[in-house]
Amino acid sequence: MPNLVETTGIVHRYLSARVPLIVVQSIEPNRVMEIIASCAARARQMSYYEHSRTEGIKDLLTGQAVSDETSLQAALEQARMTFKSRQNVNFVFTDVEGLESETTTSRHFAEMVRLAESRQCTIMLITANPVWPGLGRLGMCERLDLPTTEELALTLTQMVDDHRGRLPIQWQADEVRQAAEALTGITEAEAINVLASLLAKGSLEITDLAELSRFKDRIFGDMSGIERIPLRGDYEVGGLRGLREWLEPRERLMKMDLTHSPLHPPKGVLLVGVPGCGKSLSAKAIASQWDLPLYRLDMAGILGMYVGQSESQLREALAAADRVAPCVLWIDEIEKALASGAGDSGTSRRLVGQFLFWLQESTSKVFMVATANDVSSLPPELLRKGRFDELFFVDLPDPSDREEIAQVYFQRYLSMDPSPLLLKEVVEHSDGFSGSDIDAVIHEIAARRFTSAQEGEPSDEEILAYFDNVLPYSQTNPEDVAAIRAWGESRCVPAGSARTLNGTFAGATAPRRRVLV
Amino acid sequence: MSLQVSGTNSYEIWVRTLRAWAADPRVSLADLPVLQDDTFSPGTMMRLIEHINKGLEAAGQRWVDALGRAMGSITDADSLARELVQLRPVLARRVQLATHPSLPPTLRTAYTKNVGEWIERQQSEFEQMLARLFTSGVDAVTVDRLVAAAKQNPFRAVLGYEVVQDGSRIESQAIPLSVRVEGDNQPSGASRVRSRLRRVDPLPTSVERNS
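As they're listed, the protein sequences go chains A and B.
Quick note: the first sequence uses our numbering, first residue 1, plus one each step.
Quick note: the second sequence uses our numbering, first residue 1, plus one each step.
You may find that some hints are simply not true.
[Stated by the list, open to error] Chain A stretches covered by chain B per the calculated footprint, using a threshold of three residues with CB under 8 Å from any CB of chain B:
| id | region |
| --- | --- |
| 1 | 64–78 |
| 2 | 103–110 |
| 3 | 158–165 |
[What the hints assert, rightly or not] Selected chain B positions facing chain A (in silico; Cβ < 10 Å):
| id | residue |
| --- | --- |
| 4 | Thr-75 |
| 5 | Ala-77 |
| 6 | Arg-82 |
| 7 | Gln-173 |
| 8 | Pro-176 |
| 9 | Arg-199 |
Calculated from the structure, these hints are not laboratory results.
Using N, Cα and C, we set each Cβ at its ideal position, and we do this for glycine too.
Please work from the sequences and hints to get the whole structure.
Here it is as C-alpha cells:
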C-alpha cells in the first residue's frame with residue numbers, strides 16, 4: 001500500500017525523468033495535489049499549472065490564476081500552445097471525465113502526451129479510476145491509497161493541537177491514536193470532517209471516541225456484502241461465563257495500539273452449538289460492550305449464480321470489513337457458504353481458500369464472531385489452530401445460567417424481580433430449555449397480559465404453567481442436539497461453565513480444543 | 001506563411017487586400033494603410049464599407065460552414081467541446097477584420113461592437129439549435145450535455161484572443177513564463193496540508209449588527 005511519502009518519492013522521480021504522462025489514481029485529489037505541490041517545490045526551475053473545472057488554470061506554485069476559462073478543452077488548447085512555446089512545462093488536470101476507456105477525451109489526452117513528450121513536458125492526471133490503457137501506457141501510473149493509521153494520526157494530531165488552549169481537550173496522544181485507528185479506512189478529508197464535527201460541540205472528551213464509529217458508519221452507508229447491524233444498549237447474555245471471561249483480555253487487545261508490538265489483534269471466535277443458546281446474541285453483546293460497530297456478513301447472500309461471482313462478492317465483503325475496522329464482524333451460519341460438498345464446481349473450496357487467506361493475512365482490527373449450527377460439514381482446515389482464536393461450544397444453559405437468563409427476561413418483559421423460590425421453580429421447569437426458549441416463554445406471558453390488559457405481576461402458578469406447556473428443541477430433536485454436542489465435546493472449549501459440560505456430557509470430561517491438522 | 005497584396009493607393013490596397021483575404025484568410029492585413037474618418041469622401045467610404053462587409057460575411061460564412069461540418073462528426077459533448085475550441089481560430093478572422101487598427105476610428109468602434117453582438121447571437125442560436133435536437137430523437141441527457149458544452153466553450157472567447165494581422169493563425173496564447181520570487185507565497189505540500197486542516201471556532205452567540 002503506497003503511502004503519501006512513498007508516492008511523493010515516486011512522483012518526484014517521474015517528474016525528474018520527464019515522463020510525459022503521470023497518472024495518480026486516488027479518490028483524494030487534495031492529497032495528490034499535496035504530493036505534486038511538494039514535488040514542484042523541489043524542482044522549481046520548471047513551470048507547473050493546475051487546471052480544475054471550478055477555477056480554470058492556476059500557477060501551481062504561486063496560486064495565481066492564469067486563465068479564466070474553466071473548460072477542459074480550452075485548457076488543453078492552452079496547454080498545447082504552451083508546450084509548443086517552451087519546454088519543461090507541467091500541467092496537472094483534475095476531475096477529468098471519460099478517461100477510463102477509449103473516448104474523445106482519452107484520445108485527445110493521448111495526442112497531448114505525445115506533444116508533451118516531444119517538448120520534455122509532462123501531463124499529470126489525478127483520477128479516481130484507472131485510465132484507458134492506450135493512454136496509460138504512454139506514461140507511468142501510480143496509486144495513492146487511503147491514509148494509513150500513522151498518516152491519519154499525524155493529521156488528527158495537528159488538528160487537535162491547533163485547538164488546544166482554545167477548547168477543553170481531553171485527548172492526548174493515546175486517544176488521538178485510537179481515533180486514527182477507528183477512522184482508518186476513510187479519506188483524510190472525511191477524518192477532518194469527523195474531528196471538526198466533534199470539536200464543533202465545544203470540547204473534545206475521552207467519551208467522544210465512541211462516537212467515531214457512528215460517524216464512520218454514516219460515511220460508509222450501504223456497503224457491498226456487509227450490513228451494519230444497529231445496536232441497542234441492552235444486550236445481556238445470561239450464562240456463557242467461559243466465553244465472557246475469554247473475551248475480557250481480547251477487548252483490551254482490540255483497543256490497544258499494537259503498532260510497535262509483534263502482537264496482532266484478535267481474529268475472533270467460532271461459536272458452535274445448540275440452536276437458540278445465544279450465539280448470535282453474543283455477537284451483538286460483544287460489539288455493544290466493546291463499543292464497536294457490528295457488521296453482519298450474510299454468507300448465504302454472497303453466493304452468486306455466475307462463475308466467480310461468489311468469490312468476487314466474498315472478496316468485496318471482506319475488503320469492506322477491513323475498511324470499516326475496528327469492528328465486530330458477525331458471520332451467521334458460516335457453514336452455509338463454506339460447507340464442503342460436491343456438486344458446486346468447487347466454489348465452496350475456493351470460498352474457503354479465500355476466506356482462510358483473509359483470516360491469515362488481514363491485520364485490521366476486525367473481530368470475527370462466526371456462528372455455526374451444522375458443524376459436521378465445516379471443512380477441517382477452517383478449524384485448524386491459528387484460523388480462529390478459539391472455538392467455543394455453546395451448550396444448553398445449566399441451572400445457574402437458566403436462572404440468570406430468566407432473571408434478565410423477567411426484568412425486560414415483565415419489569416419484575418422474581419422471588420428466589422419462583423426462580424428456583426422456573427429453573428426446574430425449564431430443564432432442557434435454550435436461552436431463546438426461556439426468552440420466548442416469558443415474552444409470551446408478557447404479551448398475553450398486555451393484550452388482555454391484565455395489570456400486576458403474574459402468579460407463580462401462571463408462569464410455571466407457561467413453561468410446562470413448551471416442548472423445547474432439545475426434546476423435539478434430541479438426536480440433533482446429541483450430534484452437535486458430540487462434535488463440540490471433541491473440538492471446542494465450553495462457552496459456559498465447565499461444570500455444565502461435565503454434567504451434560506455424561507461420563508465425559510470437559511471438552512478440550514482439539515487441533516485438526 | 002502569409003500572403004501580401006499591393007496597390008497604387010490606399011483605397012486600392014484596401015479593396016484588393018479585402019478581396020484576397022475574403023478568399024484566403026492567410027492574406028496579411030498588416031500593411032493596410034491607416035484610415036481616418038475623413039480619409040475618403042462619403043461615397044468612397046460607403047463603397048469601402050461594402051467591401052469590408054463582404055469580407056466579414058466571408059469570414060463568418062467560413063466559420064459557419066466549418067461548424068456545420070464539425071457538427072456532422074461530433075459523437076458526444078466532449079467532441080463538440082473540442083470542435084468548438086478548435087474552430088475559434090476560424091471565427092477569430094472575423095474579429096481580426098472588425099477590430100483592425102487601420103480602420104477609421106468611428107468605423108472600428110461600430111464594427112467591434114457589431115462583431116461582439118453577432119457572436120452573441122450566433123451563440124444563442126447555436127444553443128437553441130442544440131436544444132432542438134431533443135425533438136429530433138436525441139435523448140434529453142445528451143442534449144443537456146451538448147448545451148452545457150456549448151456554454152462552457154463559448155464563441156465569445158475569441159474576443160479575448162490576441163489578434164495578429166500578418167495572416168498567421170490566430171490561436172489562444174501560450175501561458176507566459178512568470179517570474180517567481182523565491183520564498184514568496186509558494187504553497188508547498190506541507191502548507192497545503194495545513195490549509196486543509198480546519199479550525200473550528202465557536203459560532204457567535206448573537207447576530208452582530210453594524211453600528
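Hints versus structure:
1. 64–78: Holds: 12 residues of the region 64–78 of chain A have a Cβ under 8 Å from chain B.
2. 103–110: holds (count 4)
3. 158–165: holds (count 4)
4. Thr-75: Holds, about 7 Å.
5. Ala-77: holds (9 Å)
6. Arg-82: This interface hint holds because 5 Å falls under the 10 Å limit.
7. Gln-173: holds (6 Å)
8. Pro-176: holds (8 Å)
9. Arg-199: holds (6 Å)
Against the hints set out earlier in the document, no violation occurs for any number.
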